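From first to last, the protein sequence lines are chains A and B.
Those letters in the first sequence? Residues 30 to 181, per the working numbering, in order.
Those letters in the second sequence? Residues 30 to 181, per the working numbering, in order.
FYI, nobody ran anything at the bench for these hints, they're computed from the structure.
Do not rely on the hints blindly, as some may be mistaken.
Note that identical chains are pooled: a pair holds if it fits in a single copy or bridges any two copies.
Below, a list of computed lysine-lysine pairs in the DSS-like style, where the Cα atoms sit at most 30 Å apart [claimed, not checked]:
id: 1; residue 1: Lys36; residue 2: Lys165
id: 2; residue 1: Lys100; residue 2: Lys52
id: 3; residue 1: Lys52; residue 2: Lys180
id: 4; residue 1: Lys36; residue 2: Lys176
id: 5; residue 1: Lys52; residue 2: Lys176
id: 6; residue 1: Lys100; residue 2: Lys176
All values reported here derive from a predicted model rather than from experimental measurement.
Number of protein chains: 2
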Amino acid sequence: MSALFGKRGVSHDVETSEVFTPKFDDSGLIPAIVQDATSGEVIMFAFMNIQALEKTITTGTAHYWSRSRNKLWLKGETSGETQEIVEIRTDCDQDVILIRVNVQGRGATCHTGKRACFYRQVETASLNNAAPVPLKDIGGARLFDPKEVYKK
Amino acid sequence: MSALFGKRGVSHDVETSEVFTPKFDDSGLIPAIVQDATSGEVIMFAFMNIQALEKTITTGTAHYWSRSRNKLWLKGETSGETQEIVEIRTDCDQDVILIRVNVQGRGATCHTGKRACFYRQVETASLNNAAPVPLKDIGGARLFDPKEVYKK
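Could you build the full structure based on these sequences and the hints that come with them?
Encoded structure:
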């Protein structure tokens, strides 16, 4: 385990401890919720492994573990939309990370070019028994064209 | 699959679709981020299975899947801190749920009695090579005593 993190289950209660002892799951990952530091909007959700969490803490720029590419992922390394860390929090069980960030570049966090990944509402007011629940796009225009940004 | 949800991978692009087609992982779960509808604070993180998501949509009150108790979990059924749904969103891949809620009762979402589960900051300003990163409790007082609330 990294020198940055305490050991789980020794001499302190994880809920009240003032030592950071993050819990990674069986795949070595911890969920990370990402919030815009200014607006409070939840802009993305991803996973970190121990290396990504260490890099995030020591560099002040958000790093994740890409499950699709199976590699350490400096968010924004291609698009320019890096995330400067304003605050890192953890939860009662220390098995989830919440980060508040300032998004650089055009401010488009989502790979689709949208400001945030959570750009669609589940329209529960339109429930009926015959059809799936509709979604409504409330995310505004794309801030970049993914075909241009990710063309390489 | 429930009649409430569309089928994945048929006739539409999951990123642009206006049909709700949530993706559950290999364990049948989808991550759910919970935000206070008024303050925007991220107050908890949990998982839903298909039944929990259906119940959340049809009743307007948040339900989760308890991995520790291995059962459907009406949040607040013991403590009274139920969560009324204000808005449900999903992300680009439709494999994460974001809900905005009004917390009932004393407004204490965390089982520790705190307002939110994310009550500790990771003190990255106090980094040194000799000791783990400290945590700082910024969550305020407990709004209930867990020993009283969960005594049964």
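To see whether the hints hold, each was checked on the structure:
Taking identical chains as interchangeable, the C-alpha atoms of Lys36 and Lys165 lie at most 30 Å apart only when they sit on different chains, with a minimum of 17 Å there against 44 Å within one chain. With identical chains, the CA atoms of Lys100 and Lys52 are at most 30 Å apart both within one copy (20 Å) and between copies (23 Å). With identical chains, the CA atoms of Lys52 and Lys180 are at most 30 Å apart between copies only, with a shortest distance of 27 Å across copies and 37 Å within one. For the homomeric pair Lys36 and Lys176, the shortest alpha-carbon distance between copies (27 Å) is at most 30 Å, but the shortest distance inside one copy (44 Å) is not.
Taking the shortest Cα distances, Lys52 and Lys176 sit within 30 Å of each other only across copies (25 Å), while inside one copy they are farther apart (37 Å). Only within a single protomer do Lys100 and Lys176 lie at most 30 Å apart by alpha-carbon distance; the minimum there is 22 Å, versus 44 Å between protomers.
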